[in-house]
Amino acid sequence: AQSVAQPEDQVNVAEGNPLTVKCTYSVSGNPYLFWYVQYPNRGLQFLLKYITGDNLVKGSYGFEAEFNKSQTSFHLKKPSALVSDSALYFCAVILFNRDDKIIFGKGTRLHILP
Amino acid sequence: NAGVTQTPKFQVLKTGQSMTLQCAQDMNHNSMYWYRQDPGMGLRLIYYSASEGTTDKGEVPNGYNVSRLNKREFSLRLESAAPSQTSVYFCASSVSLAGADTQYFGPGTRLTVL
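Chains as they are written, first to last, in this note's numbering: chain U, 1 to 114; chain W, 115 to 228.
Read the hints as simulated data drawn from the structure, not as lab findings.
Restraint-style ranges between C-beta atoms, simulated for each label pair:
(1) U:Ser-3 / W:Gly-177: 22 to 28 Å
(2) W:Gly-130 / U:Asp-9: 32 to 38 Å
(3) U:Val-83 / W:Met-155: 25 to 31 Å
(4) W:Gly-177 / U:Thr-20: 34 to 40 Å
(5) U:Ile-51 / W:Thr-129: 41 to 47 Å
Cβ atoms here follow ideal geometry from the backbone N, Cα and C, with glycine treated the same way.
With the rest of the complex left out, here is chain U:
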């Protein structure tokens, strides 16, 4: 069965420093991978996705993620963190199969310290 893991419940980063939010996945095939962000009292917002092609995917708000097939990872990164990046981040995975539904990780809370 497919699964996705976000090993860190919380990540603290000083403003201006680079940030990484980790995600690993387990699927028996080629995955589609997503990152969503949730700000307080809001629904999830799409950040970026990997479907195929270039392993480095660029998304909204200066975020990017690198698909690493050998390590089965899809870590979210940003070169310079902003206080406004503080939010809950979800990684998600789905197989190209209509019988499979998207699976979300448990979320990582990102705190950017001023």
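We have chain U already, so just place chain W on it with the hints.
Frame of chain U; chain W shown alone:
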């Protein structure tokens, strides 16, 4: 475009009461979803609708029913609410069930069952 809208935003029920959560989207999407979000659990799929006239169970369907009223609207009903159904409920939509399609989320309904 309003995107995905949900009503109500907040609701408090007593055990055994019933209620319907409403969801509507104005993006002409074919597929719609209901999720629940619990602390440390991420998002779990309750029911989904691939297209108008079809509905299917997700990961945690027990205690819920859904209706795809038309292409725009997808409602979630709790027939006899239980404290275990205290959660934040999100509706989402996408162009289709295809794995590559991005899901767009509503703002959520915070439900408390006493």
